[in-house]
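Listed below, chain by chain, are the residues.
There are 2 protein chains.
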Amino acid sequence: MKETRKGERLSRSTAAARIAPAPIFVLVDPQMGENIGAAARAMLNFGVSGLRLVRPRDGWPNEKASAMASGASIVIDGARVFDTVDEAIADCGYVLATTARRRELSLPVIPADGAAVELRKKIDAGARCAVLFGGERNGLLSDDVANADAVLSIPVNPAFASLNLAQAALVVAYEWSKTAAAALDDPMAEEPAAERAALTGLVDLLEAALDERGYFFPEEKGPAMRRNLRAAFSRAGFTDGEVRTLFGVVKTLTRPSG
Amino acid sequence: MKETRKGERLSRSTAAARIAPAPIFVLVDPQMGENIGAAARAMLNFGVSGLRLVRPRDGWPNEKASAMASGASIVIDGARVFDTVDEAIADCGYVLATTARRRELSLPVIPADGAAVELRKKIDAGARCAVLFGGERNGLLSDDVANADAVLSIPVNPAFASLNLAQAALVVAYEWSKTAAAALDDPMAEEPAAERAALTGLVDLLEAALDERGYFFPEEKGPAMRRNLRAAFSRAGFTDGEVRTLFGVVKTLTRPSG
Numbered sequence: 001m002k003e004t005r006k007g008e009r010l011s012r013s014t015a016a017a018r019i020a021p022a023p024i025f026v027l028v029d030p031q032m033g034e035n036i037g038a039a040a041r042a043m044l045n046f047g048v049s050g051l052r053l054v055r056p057r058d059g060w061p062n063e064k065a066s067a068m069a070s071g072a073s074i075v076i077d078g079a080r081v082f083d084t085v086d087e088a089i090a091d092c093g094y095v096l097a098t099t100a101r102r103r104e105l106s107l108p109v110i111p112a113d114g115a116a117v118e119l120r121k122k123i124d125a126g127a128r129c130a131v132l133f134g135g136e137r138n139g140l141l142s143d144d145v146a147n148a149d150a151v152l153s154i155p156v157n158p159a160f161a162s163l164n165l166a167q168a169a170l171v172v173a174y175e176w177s178k179t180a181a182a183a184l185d186d187p188m189a190e191e192p193a194a195e196r197a198a199l200t201g202l203v204d205l206l207e208a209a210l211d212e213r214g215y216f217f218p219e220e221k222g223p224a225m226r227r228n229l230r231a232a233f234s235r236a237g238f239t240d241g242e243v244r245t246l247f248g249v250v251k252t253l254t255r256p257s258g
Numbered sequence: 259m260k261e262t263r264k265g266e267r268l269s270r271s272t273a274a275a276r277i278a279p280a281p282i283f284v285l286v287d288p289q290m291g292e293n294i295g296a297a298a299r300a301m302l303n304f305g306v307s308g309l310r311l312v313r314p315r316d317g318w319p320n321e322k323a324s325a326m327a328s329g330a331s332i333v334i335d336g337a338r339v340f341d342t343v344d345e346a347i348a349d350c351g352y353v354l355a356t357t358a359r360r361r362e363l364s365l366p367v368i369p370a371d372g373a374a375v376e377l378r379k380k381i382d383a384g385a386r387c388a389v390l391f392g393g394e395r396n397g398l399l400s401d402d403v404a405n406a407d408a409v410l411s412i413p414v415n416p417a418f419a420s421l422n423l424a425q426a427a428l429v430v431a432y433e434w435s436k437t438a439a440a441a442l443d444d445p446m447a448e449e450p451a452a453e454r455a456a457l458t459g460l461v462d463l464l465e466a467a468l469d470e471r472g473y474f475f476p477e478e479k480g481p482a483m484r485r486n487l488r489a490a491f492s493r494a495g496f497t498d499g500e501v502r503t504l505f506g507v508v509k510t511l512t513r514p515s516g
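Here the protein sequences come in this chain order: H and C. Its first residue numbered 1, the first sequence is counted upward by one per residue in the numbering used here. Its first residue numbered 259, the second sequence is counted upward by one per residue in the numbering used here.
Hint data in this document are derived by calculation from the structure and do not stem from the laboratory. As the structure is a computational prediction, the values presented were derived from the model and not from experiment. Misleading hints may appear alongside valid ones.
From chain C, some residues computed to sit far from chain H (all C-beta separations above 10 Å) [as the list claims (entries may be wrong)]:
#	residue
1	P319
2	A325
3	A383
4	G397
5	S400
Now the stretches of chain C that chain H is said to cover, found in silico as 3 or more residues with beta-carbon under 8 Å [what the hints assert, rightly or not]:
#	region
6	302-312
7	411-418
8	424-434
9	487-494
10	506-515
Glycine is no exception: its CB is placed at the ideal position from the N, C-alpha and C atoms.
Go ahead and model the full structure; you've got the sequences and the hints to work with.
Structure representation (structure tokens):
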């Protein structure tokens, strides 16, 4: 078992202190360093930093991977290298194999979102989890998939299925991040709609101004016209600030111009 | 308004026949052709083929975009080019702006998964929908975001937020494709929102009337006041009938009373 001792230490101290537990991404037979770097960036965008490589074609460390990963060096520097999938997942309690193609294996197939929920449950229960990704050329071999607890599927357009390694890593990391409670409460909360009384005041003012100008005509259509106007404003979800703005707008419009 | 006539025809015949209705992806100020091509590939993996470009830096068509998109040429060939965001979304009834940064605008912020559900509802109700993506350098400008009904947010790791254009497109297209499987039956089918051009006409009329009456004062606050006004109307989801009603309302209010 080869591994980068320095990187390992870094991932235990700096990274582990800063980054919450997450599944480890295992790239099996990856070829181009650029793709490993791109996968590292994709992962870190969604808080996944544990990377393991099985038989990287061009050896390790890889300058192209480091260059492409710029900014995500915490992932690249902490990567560990293994000779076999078995070794790479030896310390893991739950393993998913990412595939696009149908397999003859009788493993459960879980879509990415459901798989992320499963990973969250296992990790919350204290298990170390891994997600396997195949190389650019052949994807995962059946023997590698057989090592997994389940298959993680990303259903793509059957007429154009060309998800690359970094894109597959992005989708899985993204789904993982969605399961985090922290990611779920949006810091950019929506501003609430104004209270109904403020809105009613606005529509009353508007109706009065329109009434003065003979808008509700012919008379028999008046009630429906008023109702529709009120419905449009009710449904719009204006905020307090917007209702105040619209008061000013109506008052301004009813002034003579120039 | 510039557009590639040939591409347009292609996207109406071949693509439309093969590909189910989906939101249109609008890339605003995209820079590198490679990134446009990568976005096209990301989109088509998840069945999204409608692409519009606003002010592509290196012109259009773009050889690098075509080369990078290889296999996804249906997206590149069908792309239409516009001078402004307004023109690009003129025929759309519901528009989302993808951003990572916090905005001062009072638009609702919807995470990508919820946004995909909204898009599905609007499209099922017959509205043409668009999702705006900013360019590599600056993302979307506040003025562009103000044209949207809501902000689509992709919550990334605050310590490493470097989602690129193709990755953002991938996440949105992926979430969109998931809603197809989820067969959303919405018992209360909504009336579709008016096309953007009608709404823009209404807000233009309103702004002109307010301008004549010295509403946008003091001058330095004018741009923000205009933006907020536009945002309030963009977000309201007025139907065609309501937009017509509001035209009448504004015209009536600007008449002298009595």
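Outcome of the hint check:
no.: 1; hint: P319; verdict: 20 Å, holds
no.: 2; hint: A325; verdict: 14 Å, holds
no.: 3; hint: A383; verdict: 14 Å, holds
no.: 4; hint: G397; verdict: 15 Å, holds
no.: 5; hint: S400; verdict: 15 Å, holds
no.: 6; hint: 302-312; verdict: holds (count 4)
no.: 7; hint: 411-418; verdict: holds (count 7)
no.: 8; hint: 424-434; verdict: holds (count 4)
no.: 9; hint: 487-494; verdict: holds (count 4)
no.: 10; hint: 506-515; verdict: holds (count 9)
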